[in-house]
Amino acid sequence: MSVGQDQLLCGIFLEMGCVHEEQIEEALEIQKLRPKRVGQILLDLGYIEEDHLLEALSEQFDIPFEKDISGDLDTSLTAKAPLSFIREYQMVPYKQNGDGYVVAIHDPINLLPLDDLRLLLGGNVVPVLCREADIQGVINSYFDNQGESATDMIETIASENDDDVISFDDQDVDRDLLDLANEAPIIKLINLMISGAIKERASDIHVECFEKDVIVRYRIDGVLYEKFNVPKSQQAAVVSRIKIMARLNIAEHRLPQDGRIKILLGGKEIDIRVSVIPTQHGERVVMRILEKGSFLIDLEHIDMARRDYESMDRLIKSSHGIILVTGPTGSGKSTTLYAALQRVLSPDINVITVEDPVEYQMAGVGQIEVKPKIGLTFASALRSILRQDPDVILVGEIRDHETAEMAVHASLTGHLVYSTLHTNDSSGAVTRLVNMGIEPFLVTSSTLAILAQRLVRQICEKCKKPLIPEPESLRELGVNPDDYAGREVFFGEGCPACQKRGYYGRLGIFELLVMTPEIQELTLRDADSNAIKRAAIRGGMHTLRQDGTVKVFEGVSTIEEVLRVTRDDMLTEEVLD
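Using the numbering used here, the first residue of the sequence shown is number 63, and each one after it goes up by one.
Hints are computed from structural coordinates only; laboratory data are not their basis.
As the structure is a computational prediction, the values presented were derived from the model and not from experiment.
Treat the hints loosely; a few may be bogus.
Said to hold, decoys possible - No more than 27 angstroms apart at the CA atoms, straight line, and that leaves these computed lysine-lysine pairs for DSSO-like: (1) 562 - 526; (2) 129 - 157; (3) 289 - 524; (4) 330 - 157; (5) 289 - 379.
Can you make the complete structure from the sequences, with help from the hints?
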C-alpha cells in the first residue's frame, strides 16, 4: 500500500472514531521500522478489531464487506479452482451470481489474481471483503464437499495395483494435507481417514487387522466407533503408507514400532503419534492425534467443584511438595496439570517440564521431551533439571522407582513437583508409591494432594431433552430415590450436530484427596487404599461418582455415562459400605 493510500486509510479510521491521532502516529512510527501496512500494525497493537479494518478498507476500495457468508455458502464452488490458488491468495468463490461468482477476499490491495480466477471459473467475479477466519473456514470444509469419502475411496482402490499407490515424497511432510487431495488412491484414503478423524474430533484412529477384515475405528469422546472396512487385499498398502509417513521401517513386520507424523490440515499443525504392533493377522496401527494449536484451559474453567478448585488453587502455589493427578490414559491429566502451570506461571519463577511427548507448547516454560533410545528418560532428565535451579517441575508421568525417588527428592529439597500416576482413584496413588519402593515416611512428608479424574461425555446442547429418572437408576448411581423424587435429569436425543450420538464433547469429574494428618498416620501404618479412602471421605472428600452425580443433576451429563466411567469407583464404594 502506498503512502497516499495509508494516509487515506488513517483518515477513514479517524472518521470512524475507532482510533486516536496519537495511536495513528505511533503506528506510522512503527511502520518506518517494520515494513507493514498501517492497518495491520493498528490491528497488531490492539487499537482496532478486524471488522474495523475491513469496514475502512471497504470504504477505501468501494468493495462490500460481508460479516457473515455462512447463509449463502455453496462450498461445492471451492472445487472449481485449485486449492493451492485459493490458499495462496485467500480468494474463495462462495456464491453463484447469475452467470458469475461472488468471491470472498481478505486483501483488497492485490486484486490481480481475480483475473486468473475469472479465467479458471469461466465467468465474471465480484469481490467482497470477509474475515480471514470465514475464508479459512470455507477452505477447511473442502474435504466435506468433495463428494468423496473414505468408503468411496475403498471402492476405487480395490482394483488398484499396490505397487503404484505406495509412493511417497519426503516433501509431502511440509505440504498441507488438503493439497494432497488428488494424489494416488491409497495416499488419498489415508488422508481422508486422518482428515475425517480430525473433523469428527477423534483422539485416536485404530486400524485393526483380522482374519478377513481390516476395520478402521475412531475414538470420539472416549468411545470407539467403527467407521469403515478396508479390503483385506489392501491391508499391506494401508499399513505401509502409514509407516512411510511416520518414517518407520516398512520391511520390519515382527517387532513393534513407534513413530510420529507431522502434517498440516487447513493451516493447523497436527502431530500424530503412531504405534504399530504385530498381531496374528497382520500389523495393527493406532494413531493418537495431537493438535498443536490446542488451547489451554484455565484452572477455573476446568469443571471442578468450587470447593475442590479453591483447595487446588491454594495447593499449586505451595513452595514445595508433590501434587499428583491420577487416572487412565486419555482422562485429561496433562490438561489439568497445564492449567495449574498456567495459573502459577510468572516472570519470577523458573518452570521446567519433562514429558513424553510435549503435548502443549507453553511460552515461558522450559520443555524437555524424553528420548529413551538415547538414554533421556524421565529419571535422567529430572536429575539434570535439578541443576537448572527450577522452582516448579512438571514430570509427565511417574513410571518407576527411580523417577518416583527423584520426584520425592526434588520436593524435599524445596521444589514444587507436578506429576501424573496411573491409578484408579486418589487413595490408590498413596499405596502405589509405597509399592514402588518409596518409604511411607517419605510419601507423607512430600505429597501434598492427589487429584483423581475422569472425562465423561457431555450432553449435546442442541438435542438435550429432560426426563424423570427411574428409581433403580438412581440407586445404581448411589443416591436415595426419595431424596430426588420429581427431579429432572437430561439426555441427548441425537441430532446431526452430534451425529446422532446424543453427546458432544467431554468434561471432567474429580476427587481431591488432601494429605491430612489422619491420612498421613494411616500411610505410616501401611494401611490399604480403602482405609485411606474412608478417612478422606470422613474428611469431606467427594468421590468421582459423587462428583459425577452432581454433573448429572446439573444437566451436563447422563446417569449412564457417569456409571460407565466410574465403574471402578463403584466397586471401591461397595467395599467401603
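Verification of the supplied hints:
1. 562 - 526: 12 angstroms, holds
2. 129 - 157: 15 angstroms, holds
3. 289 - 524: 24 angstroms, holds
4. 330 - 157: At roughly 26 angstroms apart (the allowed maximum being 27 angstroms), residue 157 and residue 330 satisfy the hint.
5. 289 - 379: 45 angstroms, violated
In this structure, only the earlier hint numbered 5 is contradicted, and the remaining ones agree with it.
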